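Use these hints to put chain B onto chain A, whose structure you have.
As they're listed, the protein sequences go chains A and B.
Taking our numbering, the leading residue of the first sequence gets 9, the next gets one more, and so forth.
Taking our numbering, the leading residue of the second sequence gets 268, the next gets one more, and so forth.
The hints are simulated quantities; they were obtained by calculation from the structure and are not laboratory data.
None of these values were measured; they are calculated from a predicted model.
Don't take every hint at face value.
To be verified - Okay, derived cross-link-like pairs now, BS3-like style, lysine-lysine, Cα gap no bigger than 30 Å in a straight line: (1) A:LYS381 <-> B:LYS269; (2) A:LYS173 <-> A:LYS102; (3) B:LYS308 <-> B:LYS269; (4) A:LYS384 <-> B:LYS306; (5) A:LYS384 <-> B:LYS285; (6) B:LYS269 <-> A:LYS377; (7) A:LYS377 <-> B:LYS308; (8) A:LYS169 <-> B:LYS318.
Chain residues, written in single-letter form:
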Amino acid sequence: MAEERRWYTGMFSTEDWWAFWIGIFFVFLGIVAAATMVDLTGWIVSFGNWVDITKSFGPAHKGLMSPLASLVVSYVVFTIATAIGAKAMGWDVKNYLKAWTVIFILTTIAYIIGQYGYLSATSNKWEKLGITWSLQIGGAYYIIALIIGLLIGNFAPSGFKEFMKRAARPEWYIKIAIVCLGAKLGLKAIEATGFAMHLLFAGVCATIAAYLLFWPLAYTVSRKLFNLSREWAACLASGISICGVSAAIATAGSIRARPIVPVMISSLIVVFAVFELVILPAVLVTTWFNEPIAAGASLGLTVKTDGADAAAGAILDQLMISKAASMGIHWDEGWILASAIMTKIWIDMFIGVWAFVLAVVWVYYFERKPGEKVQKMEIWWRFPKFVIGYFVAMFAIMGLGLGNVIGFENLEFGLKPIEGAMRHFFFMLTFTSIGIVTDFRALRQEGIGKLAVAYAFILAVIIIPIGWFIAWLFHHGMMPPTVTP
Amino acid sequence: MKTITFDLYHDGVKWIAKNGQIIVSGETLEELDENLKLKLKDMFEDEKTIKVNMELDYREMVPHWMWQYHPYYFYRTVYLELD
Chain A
9 MAEERRWYTG MFSTEDWWAF WIGIFFVFLG IVAAATMVDL TGWIVSFGNW
59 VDITKSFGPA HKGLMSPLAS LVVSYVVFTI ATAIGAKAMG WDVKNYLKAW
109 TVIFILTTIA YIIGQYGYLS ATSNKWEKLG ITWSLQIGGA YYIIALIIGL
159 LIGNFAPSGF KEFMKRAARP EWYIKIAIVC LGAKLGLKAI EATGFAMHLL
209 FAGVCATIAA YLLFWPLAYT VSRKLFNLSR EWAACLASGI SICGVSAAIA
259 TAGSIRARPI VPVMISSLIV VFAVFELVIL PAVLVTTWFN EPIAAGASLG
309 LTVKTDGADA AAGAILDQLM ISKAASMGIH WDEGWILASA IMTKIWIDMF
359 IGVWAFVLAV VWVYYFERKP GEKVQKMEIW WRFPKFVIGY FVAMFAIMGL
409 GLGNVIGFEN LEFGLKPIEG AMRHFFFMLT FTSIGIVTDF RALRQEGIGK
459 LAVAYAFILA VIIIPIGWFI AWLFHHGMMP PTVTP
Chain B
268 MKTITFDLYH DGVKWIAKNG QIIVSGETLE ELDENLKLKL KDMFEDEKTI
318 KVNMELDYRE MVPHWMWQYH PYYFYRTVYL ELD
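Extracted from the complex, chain A is given alone in its bound form (with noise of 0.2 Å):
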């Protein structure tokens, strides 16, 4: 029944929310762990290379408990967190859980075979393995993940399709994992605190570029040259030019689309996501080694998604650390994924302004409504709330270290469990999840060709290149801080 929209609208019932409560959750078990020093969260269990499977996995605090405890201990707990979660947002929390439990499995079952010493092991850890050569193939056990997620997306039964996409949420389990990112931010910020305020700035200024150019050109082309309506070209270029399927929702609503219109642009995102997220990074690697931190910026301006923009920025983070420990440079593992996430979190908090924008624009002078009112609540309405939680985890964190209120070592003992395994566990979840929600017969649907086409043309010819350009022009000469191996 309709219900007048308040502010505190949804703060139980979205996927948004839920990723703030649950990662804030995590976050601050972490901080009480560093202030008591009671061991809240080495539990999480962590995964490894190996060469021996017995030692594949075990807690993010070795000794604490057996790796098959900690394994159960982890599926649990993360299983009451997220169907807390669920039961909230009114799923069928029964088919949730069946499903849920099917994608932990694969998804442990990919982390393993991903982590095999001989297929992605870096040289600085041959010697610990006993092994004097791998592929090092760095990130290898995402596309394993996210190959069988696309197995299961477009070639499983209709039937088992529908029910793994119960808990194939990939958008809720990466904005988790943004808030652990946070925490990570955090620490980092601590000894590294200038190199952190540069890359949060440097991605402002890059997201400002990207709206004032992207969107234009991105709705001129969609107009003049493929002749679509005004209705559609507006939620193409928000889609293509700005943060994917949020965008395209976004805009659509703000001028008063219907809901046609988003469906059928979102199914396409998605499917280039995908492409984007395999290609771009070994692209990436191979062409922009010398640039990490643009390279890096440059996925966040591109890759459309927070999905699959974290992804991508996983696998590039892995694939240059490990081309880069290949001639003996130990770069820190996760800044090349911050600024992948950090232009995508800027773009993500704009696009409140930018629908209101439009909203205004549609309804007080392109299509005139008389009556109708444009609610500057809107901006809020349509703010990234997992945002809220990346920020506070990494500023609390950041206060707290740098305020020696927690010694940095006590909160590394806290939040390192969080911000790596319980993070990249939930970068492996949207993994997975990524390829079962995407199914490629969408390129087949009635309609979808010429979309399809403007799409494509638009990223290849102005997102890509000009968004390069942008992530140069405001992190070239950043480089990771180096670690000794």
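Same frame as chain A, but now just chain B:
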């Protein structure tokens, strides 16, 4: 000023506003607003202006897999002059 809130739908051809007691439709939002004005004029003879809120029923109109990307579709507020 009286405020009424509606759930909004689109059936592929027209917009439909419902709130249990009242159902009104229109091929465009302008047409919907006009039809709503006529209906409300009959029901609330003493009111000069009514504030009407309409929110698209997101869960009915948008596929389940898309909900995780964005929290809602749109929420319109229209002031209908009834005299």
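Tested hints:
| no. | hint | result |
| --- | --- | --- |
| 1 | A:LYS381 <-> B:LYS269 | holds, 16 Å |
| 2 | A:LYS173 <-> A:LYS102 | holds, 14 Å |
| 3 | B:LYS308 <-> B:LYS269 | holds, 12 Å |
| 4 | A:LYS384 <-> B:LYS306 | holds, 29 Å |
| 5 | A:LYS384 <-> B:LYS285 | holds, 25 Å |
| 6 | B:LYS269 <-> A:LYS377 | holds, 20 Å |
| 7 | A:LYS377 <-> B:LYS308 | holds, 19 Å |
| 8 | A:LYS169 <-> B:LYS318 | violated, 44 Å |
Of the numbered hints listed earlier, the single one contradicted by the structure is hint 8.
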